[in-house]
Amino acid sequence: MNNISQQYKNLTGRKLSFIILLVTVLFGVALIALSQGASSLGVKDSFAALFQQTGLAHAIVWKLRLPRIVMAIIVGCGLGLAGTVFQAILRNPLASPYTLGIASGAGFGAVMVIVFGGGIYSEYLIAGNAFFFALLSSFLILGIARLKGFTTETMILAGIAIMFLFSSLSSFFQYMGTMEQVHEIVFWFFGSLSKVGWKEISIAAVMILLPCPVLLKWSWDFNLLSAGDESAKALGVNVEKVRMLGIVLASLITAGAICFTGVIGFIGLVSPHITRMIIGGDHRFLLPASALVGAVLVLTADTLGRTLWAPQVIPIGIVTSFIGVPFFLYLLMKKRREYW
Amino acid sequence: MRKYGIKICALILLSSLLILAGGLVARATAGESIRIQDATGRFVEVRLPVKKLVVLTSDALEVIRALKAEDLVVGINTGIAKEPLFWPGLKDKPAVGSWRGPNYELIVELNPDIVIGYARHPGQDMEKKLVPLGITVIRLDFYKMRSMVKEIEILGRILGKEQEARQLICWYQEKLNLVERESMPLRNRPDVYVESYSKYHTAGPGSGGHEMCVLAGGHNIASNFSIPYPEITPEWVLAKNPQVIIKATAFGNCYAMIDPDPLKSVRDKIMACPAWDNIRAVRDGKVYVLSSDIWTGPRAIIGISYMAKWFHPEVFNFLDPEKLHREYLEKFQGIKYQGVYVYP
Amino acid sequence: MLSINGLDFRYKNISVLKDVGIELHKGEVLSIVGPNGAGKTTLLKCIIGIVKQDKGTILIDGRDASGMKRLNLAKCISYAPQASPSRFPISVFDAVLMGRRPYIVWKPSQKDLEVVADVLRSMDLEDVALRDFDQLSGGQKQKVLLARVFAQETDYLLLDEPTSNLDLRHQMEVMEMISGMVKKKGMAAILAMHDLNLASRFSDTIVMLNAGKIFCTGEPSQVMTVENIRSVYGVEATINESNGHPHIVPVRPVREYRLSDN
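Chains as they are written, first to last, in the numbering used here: chain A, 3 to 342; chain B, 4 to 347; chain C, 96 to 357.
Mixed in with the good hints there might be a few duds.
With a Cα cut of at most 20 angstroms, we get these calculated EDC-like pairs of lysine to aspartate or glutamate [claimed, not checked]:
(1) LYS11/A - GLU221/C
(2) LYS11/A - GLU123/C
(3) LYS202/B - GLU202/A
Derived contacts from chain A toward chain B, CB cut-off under 10 angstroms, selection only [stated by the list, open to error]:
(4) GLN54
(5) ALA61
(6) LEU171
(7) GLU186
(8) LYS197
(9) LEU306
(10) GLY307
(11) TYR332
(12) MET335
FYI, nobody ran anything at the bench for these hints, they're computed from the structure. Even glycine gets a Cβ: it sits at the ideal position worked out from N, Cα and C.
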């Protein structure tokens with residue numbers, strides 16, 4: 003038995019255990035979240051209600067708490083995944099749905115439908131339009147990167163420019179809109195998981211889960227991209243295809259993650275970093291683990307947001323930054339090794 | 004030739020300066036000056052008489068029209084122009100931008116004596132930009148019940164319409180007393196969930212919605228909150244199980260509305276919120292939609308009257324909010340009564 | 096056998112390579128030398144298919160490379176670019192395992208792991224195997240990239256400046272590894288080289304490139320002549336012989352030399 007390959011296998015095993023640990027933690031947080039709420043429903047009753055078919059407890063758990071929890075998990079997964087993919091294909095540690103302006107594009111698309119109305123199909127319109135504008139901003143970034151080179155600075159500067167463009171376009175809607183629409187937009191920018199039902203969840207889930215198999219299949223290609231385009235090509239990666247389709251898929255995920263919940267910043271940027279600091283840069287493990295870290299962060303943030311100051315809710319976008327930033331800084335200070 | 008030119012120029016400049024200075028002095032001596040305290044609590048010196056007004060808020064505009072001072076308005080916000088039916092006399096006035104972000108250049112061009120905005124909107128940059136140019140900035144809200152009377156009085160003094168202001172205040176207080184006299188002693192107040200414009204955002208203490216709810220004899224389930232417009236969870240509403248739900252909506256153009264469908268769809272959405280079929284208000288159909296027109300400004304008293312009837316139909320059966328509304332529009336606003344403001 | 100015939104490549108209407116023809120047999124180390132901008136790197140990129148030639152053919156054991164899929168090509172030829180990525184957030188083992196990518200679908204097989212482990216051991220990289228690539232010294236990084244190429248187990252290696260930025264000992268180590276591997280496993284390597292002495296010492300054949308054209312080809316002693324170095328590099332040099340290899344000692348730049356405009 004070869005010594006190094008055995009060590010490597012052990013390391014791989016540890017990465018797998020980290021993923022299992024994350025699943026367990028996520029499950030635990032979900033159970034806690036399920037048992038917390040404004041009504042007098044106790045912990046035991048909450049769990050019992052999971053298996054009931056009717057009644058008030060059933061309604062509270064199935065119609066109010068579960069959708070929120072499931073959406074938090076899906077959105078967190080989506081942001082974590084999208085951030086990882088953007089960082090990999092642009093070979094850029096500062097890339098994320100927000101820093102690249104792609105989330106702002108998606109947000110603009112969603113706000114547009116919120117303001118102009120979408121009738122009975124509004125959910126689909128919101129999702130579709132968010133995707134369209136996310137894609138538009140991604141291709142802008144990609145185009146600029148093509149012309150000016152894939153340097154970190156160019157892409158982030160372009161991203162910031164695009165972010166400002168779409169933010170001001172959204173503000174323009176705010177400027178034109180009625181009082182009601184203005185409120186809608188303002189709170190949209192705080193982010194909220196309150197307004198989602200099972201229908202929105204299923205749309206978002208499709209948008210986020212559909213690309214997953216392809217992205218996982220491309221794990222090796224993402225790894226190779228970090229070795230540089232030329233090495234990747236020489237090792238058989240179709241760099242152009244992976245980058246182009248990767249951006250499309252990550253934009254789809256971004257749109258799915260934010261179109262119904264509004265701005266939940268920071269997760270897309272830090273989840274991949276946190277995960278990389280713990281298990282390293284192999285995308286076969288980084289992708290799922292980063293998604294799970296995102297889910298844990300968003301679910302924790304939302305649960306804290308609705309319990310800390312209950313019954314008033316602290317908007318999720320604010321809480322994610324509150325818990326995400328110190329945690330991230332802690333890891334950054336403490337880290338033993340140089341990871342991007 | 005060139006020398007003469009310069010001399011003539013200098014002469015023209017000098018004389019125009021003199022005329023300008025003379026004008027300033029004349030105005031300063033001719034006009035009397037008053038000190039008022041606006042909604043932000045600071046004191047503002049206002050030179051009288053006020054001849055030209057730019058009004059950024061529709062609430063203030065309504066009061067100005069009630070004071071018969073509509074003709075002093077030279078500039079309005081963009082939203083006013085979108086409701087020509089309600090503002091027949093003002094719809095063609097130049098618009099200077101939105102209530103939260105006006106275009107200062109346009110305002111300066113109109114050269115008003117006074118600009119009226121909300122206490123918090125637009126920001127302090129308005130004073131920084133306009134005051135140095137000799138334009139007085141006054142901030143009056145007209146959406147808080149508590150300060151309504153005082154603000155109408157101030158506006159009356161500034162515009163020299165004390166008589167009209169007194170009339171409006173009388174009417175307003177009379178109607179308010181009518182409700183308050185009955186509602187204040189009420190012990191069995193129904194639990195009310197007041198939802199502001201955005202879904203799952205309520206109106207806590209410090210908001211107009213809370214004040215109205217209490218005045219109308221209701222008990223706001225958010226009365227122990229610490230911020231005016233917090234987000235809440237639908238589960239909290241379910242747990243509080245309110246007897247009445249009031250939903251504020253801001254379509255903007257209720258005066259031109261004939262068909263109540265938009266209001267009805269707002270109500271339907273509230274009733275269809277997941278799990279809310281377990282709430283008393285939804286079960287009993289006591290979910291009411293109220294337009295922002297009668298939610299703020301002097302017309303809040305009409306909104307209150309509607310609420311009072313919804314909360315305590317037997318106590319307030321003598322109230323006729325629609326008649327009140329008609330009276331207000333015809334007597335104070337000089338327009339005929341029409342539109343849809345509540346549902347059902 | 097790798098045979099390149101009549102290769103032309105133009106970039107933005109400027110001719111970079113013109114009628115380049117090379118034959119490389121298994122067991123051979125071939126160095127391409129020439130001044131900056133002569134087209135050494137471009138030639139390697141053409142062979143591996145990163146850029147597409149305008150004219151000419153590349154035959155790998157008789158098969159036309161341009162008709163091959165990238166993944167299949169990666170099983171025949173490996174390539175190490177000159178610069179390693181500035182940031183490469185991955186472990187050394189993973190970096191070398193990348194060389195196995197053409198054979199891996201999702202999970203690396205036991206064989207893949209063993210090939211990597213063997214290469215790491217043979218290159219004395221065992222101790223750093225589970226460290227992060229970014230933590231290594233320049234010399235170690237270069238060795239890891241080389242290890243990746245070896246792990247790819249292809250018949251042909253293309254290495255762009257494998258000794259740049261290395262100290263004396265690492266230069267020798269790397270060159271010995273390359274020539275040792277080539278002889279031992281019957282592979283063949285093309286190296287783009289700046290160091291004429293290292294090239295002479297370790298190559299079987301040297302191709303001297305000037306302005307995109309082959310200036311001369313042959314054994315090191317045939318190519319490394321005072322005249323060739325004067326006309327291609329514009330440098331006056333003396334050439335000695337040490338241990339059977341020509342040793343070039345540059346003396347001074349030639350005054351009347353004009354840089355060829357390419």
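Check the structure against each numbered hint from earlier and tell me which ones fail, lowest number first. Numbers 2, 4, 6, 9, 11, 12, in rising order.
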